[in-house]
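Visitor: Take a look at the letters that make up each chain.
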Amino acid sequence: MLNPNFPVIYYGGDYNPDQWPEVIWKEDMRMFKAAGINIVTLPVFSWAKLQPSEEVYDFEWLDKVMDLVAQNEIKVCLATSTAAQPAWMSKKYPDILPVDINGHKRAHGGRVNFCPNSSVYRRFSTALAKKLAERYKDYPGLAVWHIANEYGNYCYCENCAASFRAWVKQRYGTIEEVNRRWNMSFWGHTIYDWDEIVAPSHLNEMWLDNGRQCTNFQGIALDYNRFMSDSSLQCYKAEYEAIKEITPDIPVTTNLMGTFKPLDYFKWARCMDVVSWDNYPSAVEPVSNVAMRHDLMRGLKDGQPFMLMEQTPSQQNWQQYNSLKRPGVMRLWSYQAVAHGADSVMFFQLRRSFGACEKYHGAVIAHAGHENTRVFNECAKLGAELKALGDKLIGSTARSKAAIMFDWDNWWAVEFSSGPSIRLKYLEQVEKYYRCLHSMNISIDMIGIESDLSAYEVVIAPVLYMVKPGTAKRLESFVEAGGVFITTFFSGIVNENDLVTLGGYPGELRKLLGIWVEEIDALFPEAKNSIVIKEELGTMKGTYSCGMLCDLMHLEGARELAVYGSDFYAGRPALTENLYGDGRAYYIASDPEEDFLKDFIGYICGAGDIGAALDVPENVELTQRFKENKEFTFVLNHNDFAVDINLGSGCFSELITGKTAQIMLSIEPKGVAILEREI
Amino acid sequence: MLNPNFPVIYYGGDYNPDQWPEVIWKEDMRMFKAAGINIVTLPVFSWAKLQPSEEVYDFEWLDKVMDLVAQNEIKVCLATSTAAQPAWMSKKYPDILPVDINGHKRAHGGRVNFCPNSSVYRRFSTALAKKLAERYKDYPGLAVWHIANEYGNYCYCENCAASFRAWVKQRYGTIEEVNRRWNMSFWGHTIYDWDEIVAPSHLNEMWLDNGRQCTNFQGIALDYNRFMSDSSLQCYKAEYEAIKEITPDIPVTTNLMGTFKPLDYFKWARCMDVVSWDNYPSAVEPVSNVAMRHDLMRGLKDGQPFMLMEQTPSQQNWQQYNSLKRPGVMRLWSYQAVAHGADSVMFFQLRRSFGACEKYHGAVIAHAGHENTRVFNECAKLGAELKALGDKLIGSTARSKAAIMFDWDNWWAVEFSSGPSIRLKYLEQVEKYYRCLHSMNISIDMIGIESDLSAYEVVIAPVLYMVKPGTAKRLESFVEAGGVFITTFFSGIVNENDLVTLGGYPGELRKLLGIWVEEIDALFPEAKNSIVIKEELGTMKGTYSCGMLCDLMHLEGARELAVYGSDFYAGRPALTENLYGDGRAYYIASDPEEDFLKDFIGYICGAGDIGAALDVPENVELTQRFKENKEFTFVLNHNDFAVDINLGSGCFSELITGKTAQIMLSIEPKGVAILEREI
Amino acid sequence: MLNPNFPVIYYGGDYNPDQWPEVIWKEDMRMFKAAGINIVTLPVFSWAKLQPSEEVYDFEWLDKVMDLVAQNEIKVCLATSTAAQPAWMSKKYPDILPVDINGHKRAHGGRVNFCPNSSVYRRFSTALAKKLAERYKDYPGLAVWHIANEYGNYCYCENCAASFRAWVKQRYGTIEEVNRRWNMSFWGHTIYDWDEIVAPSHLNEMWLDNGRQCTNFQGIALDYNRFMSDSSLQCYKAEYEAIKEITPDIPVTTNLMGTFKPLDYFKWARCMDVVSWDNYPSAVEPVSNVAMRHDLMRGLKDGQPFMLMEQTPSQQNWQQYNSLKRPGVMRLWSYQAVAHGADSVMFFQLRRSFGACEKYHGAVIAHAGHENTRVFNECAKLGAELKALGDKLIGSTARSKAAIMFDWDNWWAVEFSSGPSIRLKYLEQVEKYYRCLHSMNISIDMIGIESDLSAYEVVIAPVLYMVKPGTAKRLESFVEAGGVFITTFFSGIVNENDLVTLGGYPGELRKLLGIWVEEIDALFPEAKNSIVIKEELGTMKGTYSCGMLCDLMHLEGARELAVYGSDFYAGRPALTENLYGDGRAYYIASDPEEDFLKDFIGYICGAGDIGAALDVPENVELTQRFKENKEFTFVLNHNDFAVDINLGSGCFSELITGKTAQIMLSIEPKGVAILEREI
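Chains as they are written, first to last, in my numbering: chain A, 74 to 752; chain B, 74 to 752; chain C, 74 to 752.
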């Protein structure tokens, strides 16, 4: 639990009083209270104000703000302000400025515009974090630490190159091992000395092709991503340790960004007390994609509740078309976060800036400056509701029987791959499988490659291209013990260095799946093949369309449930099942239309008892959280019309209205219900 | 009047004899005379020939050319030749070479490839201008000075950064004021010293997104644009002053480029004796866009006649598809320039180059080298016609009752904006309003933000996003005195530093418009809303489509003429009218289909007497120029077929044919008539 | 003949044993023999292994490999391994790293990533070639030398700039001549010293526009291309000479890449003993385009048989969609190469790499590692077939009566042109004419601008924009002697420096063609004109569509066969014929639909006797090779269905089956027949 002394849903967000005159601050407090706000995040971008020069720190203005906040009984999510170094620092220590992938030395400006291996950055950022901890360690409202902001830039400077060499040496020990792991015999890349290692950039091994980052050497590129993710993590950890030494009991986080490719968040989460993230879907983002990101953020720390650190109350500014959240949508999406495991609902931003690029980003308080706005009213209404929920939901968790594996290394590797098809996007594949389960309201855990599988009945690993040491064995044990494992084309191909497992695809998964994939065909975008079901399985029957990639495979113990319908490999297996121990392992050899997946997942899950908690109309999302013997069922109506939910024989307490719900529950357009019962 | 001693329409163009052997020059003279050419512009790109080394100038070849030209009684538009510095200069003084927005130091070559803050450039360019003035001050045919050529590059070198700091200091005085004006508290940008100011480039605050220049810091970016526009202007002014000291009576210009975004031409025009510009529409450019650019060029100096410095007699080379101007089109478009206020018709180029990138650009004299070509014949015919017009039109001006405001700062600010929609393009909006008035042949002045409004009945300011000091007051006075003011969504939002005017949109225009805009919705491209007219107003009735942005507003004194047709803000005002003093102020809250605008403008102008001079068929353009008690009505038939114009009771003298025109005037396809009468 | 001592079709490909442990090598030999492989190319990328440091060479591992290969009676195509310098070399001598067109100094990595004017590169690469020649000069299986690999990078470093100046000085002698040849008066580019010459790059005269490399100065850009093609050629020649001194009798090649724009392969071929090339069509590449490239590669050395050095047995990795070659396609396309003049069929690669970017590129031996794969079986079957053909075809040549001119300088010049239309692509035009003749199975030679024309009845030169010294005269002589010459719009415009031939287009071709082109209209993509045939000529009649460019021309001796159907030049000539001496010269004034070309070529060739050898269904390709009194007719069925070929009265021996073919020959889908008979 985030804060046993304050067991409520945190409600608030980013607050930048240093952008406003003091006279506004009091008005802020009044309006925050009117909106039910109980936490503010600050000072996220005030390094230059907190440290006007190398020798001078100035906390007085912040003391004032924090005092005022404390007087108003609002908690503080205390930010270390280290995401944008002061201009004097970049000027005095130009090495702090990064070099981009094109070899351009950056100039001061923007944000997250520092070299993550800069010793100057690390020294000053850690010093500031320490100063803040020392000054505010006894602050009564200190609720959470928020280190820096949205980490994630990659640097290609000489200092990073040197650090990379050290990182590689640490990882592989000898030059010979590096040559082997990166297959340096290829294209005569064999090296004889550590300083022959060069960072992979657009100046040598990398290039952009239609927005896709391509590379000649997957092994080097992969390790550079790992190294860069680690480099930023080192920055974070340095601050984390400085803080924990002083305030060991205050949870520390940094705001993540969902499916943000540059950083391996599973590795990061190990160093975070609580996961927090910023949720900025566009208006046309499928609901299931947002749900998946929430579940992934929850999964980073094995199901522990997370914080929704940022969302907009109304509109973004940086998207192409920054449409308003329609009436009710902010509330609905806030509850969606809670439904998937958030113990906070927080906004960027509380008061709209009046200058620079985020001034058209929505805020609780508009440029108009008063509370008579649609957005403020919706925020205040939600604040009151959340307050009324008290500690009911705090600390409750999901209990899923189905899991989808997600792995950053695999993501990087799949999309660094030269061939077989540029259409293959790892995230899209994961989203597709998630969407299918989500449409059936099956509760899903998004898990890492090393997560414990014992609690699950079904584990799905779309495009499990990279099989790391121990993974195959763990999956075999899972299936042996009765689990159902589903994977797809382009799985089991390489090891953690993107070296092909020789002897036949899917390599280390071959035994578990009982197949040998001889060839992989890539289809042009307009081309299609089909999957022909041999025997009806649940609703799965007849013929489905498929495309993109088609594996040509041989059965080695598995049985074919479906075959290709056309091309020279018509009649060869397209879907296989392998009985293994007490369980079953499935292989989907091509990229099918979604109806296939729905029917297939329906068949798989229908066999077990991992379906939805209630029978609901389309676009009504159901999720559950549990705490001890309490079950909370969230019913989220994403439709523009009201729906009726058949509660069957269940009798629930609806938490928002406080009423009893029985037989039939009616939910307004964009409405929400939280049904509690004992189990 | 450009030249009281030579009161005719200048006819000629760019002449590059230094690209040809002397033997050709005499032939040039023969053909120029055959074509009716009375002016040549030279030597536009001869710096390297005029100054072979730092110490040596060579004017002998130019003397010869100018003597020959004088003998043939052709005037000279004398160019200072400073748009492309000699190679020896770039080699000897590499600081003269600019750094581009990506941080790349440029190499010698191209043109307008110098740092506008290079002291070397300024010293040498001014010296050359002075030398030319001294040498040719008594040249009999010296008609106009033409400084450099098509200014407009931006530089990001260290020298410019230093100049930028000085410019900022000059403008704002103190560091505190800079921090305030640029809202540097945002993202921790607070500075403490002048040299912490860094030029905004792709290395820090700027990036390109689908061709759009984006920025984190609008305030800095805006000021850098202003500074860069000023920097080139300083180059121009240095030459201007050197020249004026020697030949104070000869008008000085530089060739502008219409709606050229990088330079604030209103500011430039103050330093020009006469505006001149280069008109290169593609074959598919709407006629109204060309008309608008002519009117804008005329508007730069409050209606004073301008020079058409360049157009092609047949085709361009640098467009994607360089189609030929169809027979008659060159003549038609030449008269269009005159109709909108040009006192010259000039070409790039007189003789086609035979090497390098402009060799496929049309010219009066083709590669064939003789006069038996379609293009030469059309040029010669026009030359004879213009000569016959004598001084009739020279110095005559427009008398518009409608004006459209245009502002470069606003243009930059609207398109630097992060949010609400990347579809919002300032120029497109202005063109849309202009097109609507143009289709009704309403005479329009394109005016600046500080122009005198007293002569107008209607002033339209599409997307008046930035309201500069004094503007709101001037608009209020205009309306108070009986004027009609029309503006749109995304107006009145910010001040001249792109800082939001707090308290509610449209900020400083709120009182005048009598509304409060609470929120701005951005629609996805395929999405539409509608504008439903409440009571029929003229031809305006029923429902019109709208999109892109939709303001959600409250009436604060205004009345709603139309409301939205759908979405959650259906029924809320979409078009308002506010009675203010003796006038009216209108607000169009969304981006409507063109029919709406035509009906609305028809309603507005129908009320006054600012319609067309004559009733003409579609695609027949009407404009008027006036001189003392003479009215000249230009009838331009842009159709591919002949049209008949009903002259009603008017009786005119048609200037080209010299005949009297009465009752019905027939105009050939692509034909022109100039109707004169006394008023 | 490649190797009189080994007169068979070489069958094999790239072999990289240094990427594998020794234990695999023996297995390789077993499988190579099973596949009928008789040659391996090695070591293509082993420089770092062969030369671990500046002083040390290590050939021992290569000795072992070559001994093993020799024991298995497999020939060696010995690569000099110089396409990727070792990392230690780039580190020690950073000048070896190139600078790209954006001015970015490259970092070590990739391949062909050296400055072609680096003296370090030339010294070390030549030394290695010499060492290899000395060591293996007596190796029994030494069949061909393979220098470096796929040359072609351009460099823009200071060292190259200096070399460019020397190259220019060598070519033009004086500064005055350079100013004249490059028309440096334009835009004031006149230079006074050699070191004022700057390499044309994105930092001055060049820029990219939608993938098209644009330039301000065609003359400089053209010469820089020539210089860069020559620079890489110098690298090649240095190795060539070192090798020839030691093994004068072994043929030397380097692998070309078909229509690879950066290098002027006609110039390169003069320095090669045998042409070899890498053929990587995508699955959707028209058959005729592949055929054209084969013919071009054959044409580089005036018809001499060439080597197919690389193709994939199954799929590529670097294309967007790397589809499998369908069953039979690898065999069909291999025979297509032979049919067009190849005396080898070789693959990249023999064993699939397991790491880095080519691991998903097809190979004879798959990752599975054994021979029980579709691909291996197809390779082995083809190996057996080729072996059975023995020396039958070796050294046989084509005997074409039609030729298409192709010229790299012209290609560069056409696409550097600023105007009249960016749609004009030289290669597309050549492919279009080739495709038309190919569809009629007319045997075509792809010839250079200086090739002997005496053997041909018809010579086609699409878009012969640049006419070099002597070309016009040679074409006149050809036609005078009875030949038929066909050319198109945008021909005869410039000389070898891209300077327009003054006096009227088509310049030097004007006399031969009997026309004067006054203007060139460029049509927008959606616009069309038409070509109206005046009198029926063969199947050519009625009206055909045309577009892109339309010449407006006058007859000067020619007669018009067709006229334009619309626009203001309707009725003016669109197709002309000029009787000249005993021959005829045709001019096609616009870009016609393909039916026009088919009918026109049918009319032209129907008149002569240059049609197909047999009457075959669509998509059946026919080609012939001849050796002394033997005629070999290749019948290639590109259809997915079987076809019957009417052999008429002919009686042939079918070489693959060894059977007699008479009256009717049935060919399976994707099938091949080689019909031999005496003539």
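It cannot be assumed that every hint is accurate.
Chain copies aren't distinguished; within one or between two, either way the pair holds.
List of simulated lysine-lysine pairs, DSS-like, C-alpha gap at most 30 Å [stated by the list, open to error]:
#	residue 1	residue 2
1	Lys178	Lys164
2	Lys242	Lys178
3	Lys106	Lys505
4	Lys122	Lys546
5	Lys601	Lys700
6	Lys584	Lys99
7	Lys474	Lys546
8	Lys203	Lys137
No lab work stands behind these hints: they were computed from the structure.
Visitor: Against each hint, give a clear statement of whether it holds in the structure.
Guide: How the hints compare with the structure:
no.	hint	verdict
1	Lys178 to Lys164	both (13 Å within a copy, 21 Å between copies)
2	Lys242 to Lys178	both (26 Å within a copy, 27 Å between copies)
3	Lys106 to Lys505	neither (42 Å within a copy, 47 Å between copies)
4	Lys122 to Lys546	neither (54 Å within a copy, 37 Å between copies)
5	Lys601 to Lys700	neither (48 Å within a copy, 46 Å between copies)
6	Lys584 to Lys99	between (67 Å within a copy, 28 Å between copies)
7	Lys474 to Lys546	within (21 Å within a copy, 68 Å between copies)
8	Lys203 to Lys137	within (19 Å within a copy, 63 Å between copies)
Going down the numbered hints, you'll see the structure goes against 3, 4, 5, while the others check out.
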